[in-house]
Amino acid sequence: MNFRSAGRIAVLAGLLVLVAVWPAPAADREKLLTESGVYGTFATFQMDHDWWDLPGESRVISVAEVKGLVEQWSGKILVESYLLRGLSDHADLMFRVHARTLSDTQQFLSAFMGTRLGRHLTSGGLLHGVSKKPTYVAGFPESMKTELQVNGESGSRPYAIVIPIKKDAEWWALDQEARTALMQEHTQAALPYLKTVKRKLYHSTGLDDVDFITYFETERLEDFHNLVRALQQVKEFRHNRRFGHPTLLGTMSPLDEILEKFAQ
Amino acid sequence: MNFRSAGRIAVLAGLLVLVAVWPAPAADREKLLTESGVYGTFATFQMDHDWWDLPGESRVISVAEVKGLVEQWSGKILVESYLLRGLSDHADLMFRVHARTLSDTQQFLSAFMGTRLGRHLTSGGLLHGVSKKPTYVAGFPESMKTELQVNGESGSRPYAIVIPIKKDAEWWALDQEARTALMQEHTQAALPYLKTVKRKLYHSTGLDDVDFITYFETERLEDFHNLVRALQQVKEFRHNRRFGHPTLLGTMSPLDEILEKFAQ
Amino acid sequence: MNFRSAGRIAVLAGLLVLVAVWPAPAADREKLLTESGVYGTFATFQMDHDWWDLPGESRVISVAEVKGLVEQWSGKILVESYLLRGLSDHADLMFRVHARTLSDTQQFLSAFMGTRLGRHLTSGGLLHGVSKKPTYVAGFPESMKTELQVNGESGSRPYAIVIPIKKDAEWWALDQEARTALMQEHTQAALPYLKTVKRKLYHSTGLDDVDFITYFETERLEDFHNLVRALQQVKEFRHNRRFGHPTLLGTMSPLDEILEKFAQ
Amino acid sequence: MNFRSAGRIAVLAGLLVLVAVWPAPAADREKLLTESGVYGTFATFQMDHDWWDLPGESRVISVAEVKGLVEQWSGKILVESYLLRGLSDHADLMFRVHARTLSDTQQFLSAFMGTRLGRHLTSGGLLHGVSKKPTYVAGFPESMKTELQVNGESGSRPYAIVIPIKKDAEWWALDQEARTALMQEHTQAALPYLKTVKRKLYHSTGLDDVDFITYFETERLEDFHNLVRALQQVKEFRHNRRFGHPTLLGTMSPLDEILEKFAQ
Amino acid sequence: MNFRSAGRIAVLAGLLVLVAVWPAPAADREKLLTESGVYGTFATFQMDHDWWDLPGESRVISVAEVKGLVEQWSGKILVESYLLRGLSDHADLMFRVHARTLSDTQQFLSAFMGTRLGRHLTSGGLLHGVSKKPTYVAGFPESMKTELQVNGESGSRPYAIVIPIKKDAEWWALDQEARTALMQEHTQAALPYLKTVKRKLYHSTGLDDVDFITYFETERLEDFHNLVRALQQVKEFRHNRRFGHPTLLGTMSPLDEILEKFAQ
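Residue numbers (UniProt numbering), protein chains in the order written: chain A, 1 to 264; chain B, 1 to 264; chain C, 1 to 264; chain D, 1 to 264; chain E, 1 to 264.
Because the hints were derived from the structure by calculation, they are not lab data. Keep in mind that the hints are not guaranteed to be accurate.
Pairs involving identical chains hold if they fit within one copy or between any two copies, as the list cannot separate such chains.
As the list claims (entries may be wrong) - DSS-like mimics (lysine-lysine), calculated; alpha carbons at most 27 Å apart, straight line:
1) K166 - K200
2) K166 - K261
3) K166 - K132
4) K145 - K133
5) K133 - K67
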């Protein structure tokens, strides 16, 4: 491939301008992150070694192509990016994609994997889930419901952790009341960490090989560690047939910054 | 490889015309999809990175070769195609092949993997099953039999999901009556989803490492998710030693469209 | 590599003539397949993608080299070949090798992997077993012994299936009488399929990570499926810690035909 | 890539001088290794085969680049290096990195993997943990507390072993008193090895798929072997769902020496 | 790489002469194989496909380099070689290395993997153990002690089998007396095979992910098979959490002969 024409570079400059307005309007973003019935996809990728042998200009153009693609899809889906390299096994980059229709996510990811940069990535794994109204909160005591409404501290939360969970058959055989009691104990254990560890739950059953994806954001990693340890000590934990495997740990990072690392 | 001769392009144009009439007559298709004793094979493939480095013309010819092969086999087998890229791990493309003789399927797949395009694919896995008359329905109450005859809504069902299942030894040790009772509870839980989630069962024991392949089609993915969750809550679910692993999720897509993505 | 000399082609032609007489005399073959104390090895191979980039002539010579090797060993070992491509995961070709001395098998396979063609194959897995006199039949009732002597239908049996089996520790802790009773129930379930599904058992304990290799040949795949399902329903099945993984499914095919596919 | 300019070599010489003062001041090092709230990361790498085909000069410059990077980060993190090749599966090199902030470790490792040498490494796995004050010692008898203060013998401890551990759900369901009793028995079994086997514990829950990383250093490998065997014989051992997998065994070796092996 | 100079060939010839005296003096060899406190390492390797594309002369020189290396280390370690190709999965070559210090083994293997030939090998796995005085024999009856002293038949024992073993937590929780009783039953079952199957035990706990490595040599493979089957039928066998996985089966072969196969 040759990228010699000045015209091409001009197009590229145009793309970079477009990318500056990439993020979806704040209101839309908030809706996708809080409404139920929204699909969340976690996709990890690993960079192959050949990428680094490309001439610098090719890499810059390749990165611009990805930015253009994300911009193009920003009306339909929300793409957030994470740097996993150095923290997670066999993964350099993670996308969290939110969409109302999973086929939109597929079209975006499929197009992404077909970009010049995408062809240098190996897909490391995909997890899909759908957001739902809380299943058990209605059965919790009022005091707990109030505590659950405490807002997390604002500020940066650089670390993100994704833990897929699969329940055992016994769990699903319990009636709603029994599961609510167990989830109340689980929630009680989690309360002290509400302020510093943000959490979002996705329901996965049937969409992949797990039942839930739990997503965490925190600035205080040791709080997160203590939260998970607290959750291990309640009875509900015994019903987890799989917890992690993989545990994905990364830092939230704008796509631009991650891609620039890859374009250096 | 060089593809310079105009004559070759002419042959290619001819193939493209042939491909337009590819799908089997509707009656044959219906028979293969509904009769018992028909073998169903699910084969996934992943595209290697070298494909994209081929000159455009080579890719177009390669795609035409595949279309010609499918056309050639259309009298004996039924091939349906799915785009898995962006939804399933380590798989870009899936074929569902129906045939009365599994060696026909083998000959087709073997020839496919030997095409110019096939040589750029890595086979990701194969699952085989055979369709059979319902095993337990005869023992169900009449009212349930009637409900089971409700037709699914027509219309497009873009999502397809494949879930292989392996029962535990205890399940097979149960007598027919006990299994029928458990399957009746299972079927009861599935009834609310009959209209929006289409389902087909294949029996696999001995043909590969699972006992069943369950295949689903739906336009409403959340209904499918709720169906699987409902099935997890009945007693029969405890006898699943394996459920998924992999769960294959994709969208139904004419071979032409998928291949054209690969020929862009 | 260049294969330009006419002399070489002449040698090649000679090899092809030799290959025509390759199969061992029928009597020897029968002995190796029926006597006890004979080692059976199942070896699967996958073709790499580079093979197809070789010039046609190189591939023809490579195939002839393999045929010559098989011919050379035909006095000591019996090699049967199967096409697995399109039916089994990650395997294109399988050899079943019978020999009185396992080191002969090793020398043959080692030489095969060193041929020009062999260097384009990735070894997918090896299973070894030894044939023994029946362990439990002596304890069966006379009527069953008679039924077991029924000959299978002659005719082609195109499908071959290999299922490795590992028993649990409890099985080996049972005494001979208890195991005989369980195997009698097992054999009773298998009797209806004696005519259409041929079966051969190899004992593997210590030679690899399984206890038995069961090998099946059949023209009627659905009978085989029903046989395995019947065997799942007897008590002995609960003592299988591993059954399959992999299940190898293929079609019997003369080496010439398989290799010619690879030489097209 | 060409490395012809004498100027470049001069820069290189400068780097080598800097590297000579690389290790962090002893006081800082001690703090990072003994304080609580410090993150420890174990990262293994495997060298690809292409590295050895680079011209010698390129390799020397590549190694100097890594040394420069380690030097640059020495104010924030502590990097220790181990040769795993020849002792551990699929791993040539291991870093143990200590940092107060895990994102510093990420930035260092990410930069390392982006160096010329790093691009020839395949990341083999990452384990993260955080140091904490002892959990159970407060509940131990005074005599045991005294014994625990015995200093290990000084001198070289060339062997290092890393064993990740995951506890079962039952362990976490035990109350503090029960766990203390079990850990007292565990500690009692370990006492005879305090002098010759140095040990450090990291808490991992939530940060990866294990609960603990245990790190050992010893000159007397058979003592270490006997220590682990002694620990297998106490009741607490039954609560280990995973112990090792992988067990990483290597020898402590200055980065310079390891890299020089790779630059020969 | 070019190997044109006659001088180089001369050096090579010299190496070949040295190699002729390679094996350690018989007395040293005997000591390393019988004393306690000696480390045994089993290392398997697989040849890559590129090796065969090297010019013949390069391969000859590469092999000579390995022979020279083994010679150079012969004063400190004992290296025995086995051909695994054709008998074991994903392994062509195995070394059994005995050393009094495991870091010597590491240095040898590390240097071996850095040779020209080593760079064409993929390391398949490493198992380490240490020889110890028998643990249970002291508690056996005198008659059994006498039987254990029977010498194995001399003569060639071409087959070698390596079976790693991991005990369950329950085994280690048994007291010495209980374990001795179980090992006495185990030994009783093994006695009939003492003459034809030679056996050596290595203790691995902590050094890798198994507890023991059992190494067998025999000329009569069916005896070995029957021995393992007999051992499966005693109570001690129920405490094996892992037995094999992998089972390594090969034939003893002088390094020269194996390497010559690789240099053809």
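Here is what the structure says about each hint:
{"no.": "1", "hint": "K166 - K200", "verdict": "both (16 Å within a copy, 25 Å between copies)"}
{"no.": "2", "hint": "K166 - K261", "verdict": "neither (35 Å within a copy, 35 Å between copies)"}
{"no.": "3", "hint": "K166 - K132", "verdict": "within (17 Å within a copy, 30 Å between copies)"}
{"no.": "4", "hint": "K145 - K133", "verdict": "within (14 Å within a copy, 34 Å between copies)"}
{"no.": "5", "hint": "K133 - K67", "verdict": "neither (33 Å within a copy, 46 Å between copies)"}
In summary, the structure is inconsistent with hints 2 and 5 from the numbered list given earlier, while agreeing with the others.
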